[in-house]
Amino acid sequence: MMESPYNATELLICTAARLMEDNTTAFIGTGIPMLAASLAQKMHAPNLVTIFEFGGTGAILESLPLAVGERRTFHRAVAASGICDIIETAQRGFVEYGFLGGAQIDPYGNLNSTVIGDHSHPKVRLPGSGGGNDVGSHCWRTIAIMRHDRRRFVEKVDFITTPGYLTGPGAREAAGLPPGTGPYRVVTTLAVLGYDEDTKRMKLLATQPGVSVEEVLENTGFELLLPERIEQSQPPTEEELRILRDEVDHDRLYI
Amino acid sequence: MEILEEGLGELIRPPDLNAFREANRAKPKAMVDKRMSEAEAVQRFIHPGDYIGTELYGTVRCPMSLVNEIVRQGIGDLRVAGQGVLELDMLLAASLVKALDITYIGLEVYGVSNCLRREVESGRVETCVEWSNAGIAWRFKAAAMGVPFIPVRSMLGTDTLKYSAAKVARDPFTGDPVCLIPALILDVGLIHVHRADKYGNAQIDGISGFSAELARASKRLIISAEEIIPNEEIRKRPQDTIIPYYLVDAVVEAPFGSHPGEMCYVYERDEEQIKEWVEASKTPEGAQAYLDKYIYGVHDHHEYLDRIGKERLERLRAMVPGRDA
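So the sequence lines, in the order shown, correspond to chains R and P. 1 is the number of the first residue of the first sequence in the working numbering; add one for each residue after it. 1 is the number of the first residue of the second sequence in the working numbering; add one for each residue after it.
Since the hints were made in silico from the structure, they are not lab data. Incorrect hints may have been included.
To be verified - Derived DSBU-like pairs: lysine-lysine, alpha-carbon spacing no greater than 35 angstroms straight-line:
1. Lys123/R x Lys27/P
2. Lys167/P x Lys203/R
3. Lys27/P x Lys282/P
As the list claims (entries may be wrong) - Partner residues aside, some chain P positions facing chain R, computed with beta carbon under 10 angstroms:
4. Gly49
5. Val60
6. Leu107
7. Glu108
8. Leu116
9. Cys128
10. Leu156
11. Leu161
12. Val178
13. Tyr199
14. Gly206
15. Glu268
To be verified - Across the chosen pairs, the derived CB separations fall in these ranges:
16. Arg252/R x Arg315/P: 19 to 27 angstroms
17. Arg307/P x Pro169/R: 56 to 64 angstroms
18. Met1/P x Ser4/R: 56 to 64 angstroms
19. Gly170/R x Glu6/P: 19 to 27 angstroms
20. Lys27/P x Glu197/R: 55 to 63 angstroms
21. Met1/P x Gln234/R: 47 to 55 angstroms
22. Arg237/P x Ile230/R: 55 to 63 angstroms
23. Arg312/P x Glu247/R: 25 to 33 angstroms
24. His121/R x Ile3/P: 22 to 30 angstroms
25. Pro169/R x Glu6/P: 20 to 28 angstroms
26. Glu276/P x Asn47/R: 38 to 46 angstroms
These figures come from a predicted structure and were not determined experimentally. Think of the CB as a built atom: it goes at the ideal place given N, C-alpha and C, for glycine as much as any other residue.
With the sequences and hints as input, model every part of the structure.
Shown next as structure tokens:
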């Protein structure tokens, strides 16, 4: 078998980066979203406005931040404020995209990053919401980035840390969340997924290079909607990989 | 107001706004020299069972020299508002935390906190009340505003709300559900800043995190500063003062006070030291050995810095790019 010219993390970063549009606002969390935002700025989205939860707005990601509050999150930024200003900006509707992760995701895009098992006697205590819940509540379109397996893609998450479409159509609005917001895409090691407009359930949009639809279904712990046409994601280009390896993550901290 | 849903979590510290007003009225307004050591500040102002909060967080402009001193003095049964990395890890590793209003405790790029896992999964931390990140910051903001709660649109519809102490009410103006976040008044707040004068007027460079809110939500406030500057310098740039002196009870001069975290424009984070903690904290024995070496085994912050070594600290300082970079 031929060795793949890129690894799973590089695939996630390149796929997520392509979803970042120039001249839009994007809420960036630790890890893969930072790498994707940096890559996007160096490729097709030089005017991507990065937003970091502890106060950085419009940083130029020349080198890779290691944390959401560190100096690179306001390097050559247009503003350095604080967490209340940033989340209130999202609450007022200024932030288009939000990038999220979690230990579990369900068919409605609800995410768990709080506990595995029961909250009062957890099997595993995870870090908690952090900004996740705020991003999932206020950003217009949220994009989850996940490794794809049955432990992570589950029918019911142990704990809804961050709201997806909750129980289905109309549930976000009924709960008081801003209308028109919610999950938009899930980028995984196996696929790119979206949501059905009527049922708000997750559907397969594209498979990653070399991955079959069956493989995606086998690794998903719930019924995935299959539209008639399923695309094939394009593999990372040489140019993307070169920039990612030589410029974005020169020190190979993540990739 | 019609209440639609109530979080099951304990309201660990119900806000007493009138008592807070009285305490603020009684706070000395004279400009007096409040400089003291970490040991004195912690001993005088932090007591077992207190509800404390730190700002910003573990690897960024965090009052690590003060947190280390709390561990050194073994002040326990603490209630803590938790958005933390290394600083809360230290308190958890030393089993000093009894209850948490938690939003995030982890090691960022290095994954979950093993100290948090051990303390919560064993039940040594008795209470974990969940909040979003802004949820906790807004709780400080409500206290800073002097109001009992503020309505927000985070947390709605989730288990984060169900296991919080927030409530969902029907907005009396629009009829829509809205999340009410209760004010959080701290016994003690701890903030590390770039510079302060001896009275406590404090200035921060770069992002301000939630320093303005936490400072105003604290009954007692301990400031540590990289540098103590003359009052005259503060008065030249009063627009930069994020914390005025009358909020402050103690001022501690702490160069490299955020180590191993970073201080923007002053020094970079110490990756080597952070990785040492990440490795050590994987086991209780490792964590204990780390505390022995870097906290219990040194007398104060100066000795801690000696242990880290001047050369390494200077290297962290030299790694900082200039503002024009």
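Return the numbers of the hints above that this structure violates; sort them in rising order.
When the structure is compared with the hints, numbers 1, 3, 4 and 13 turn out to be violated.
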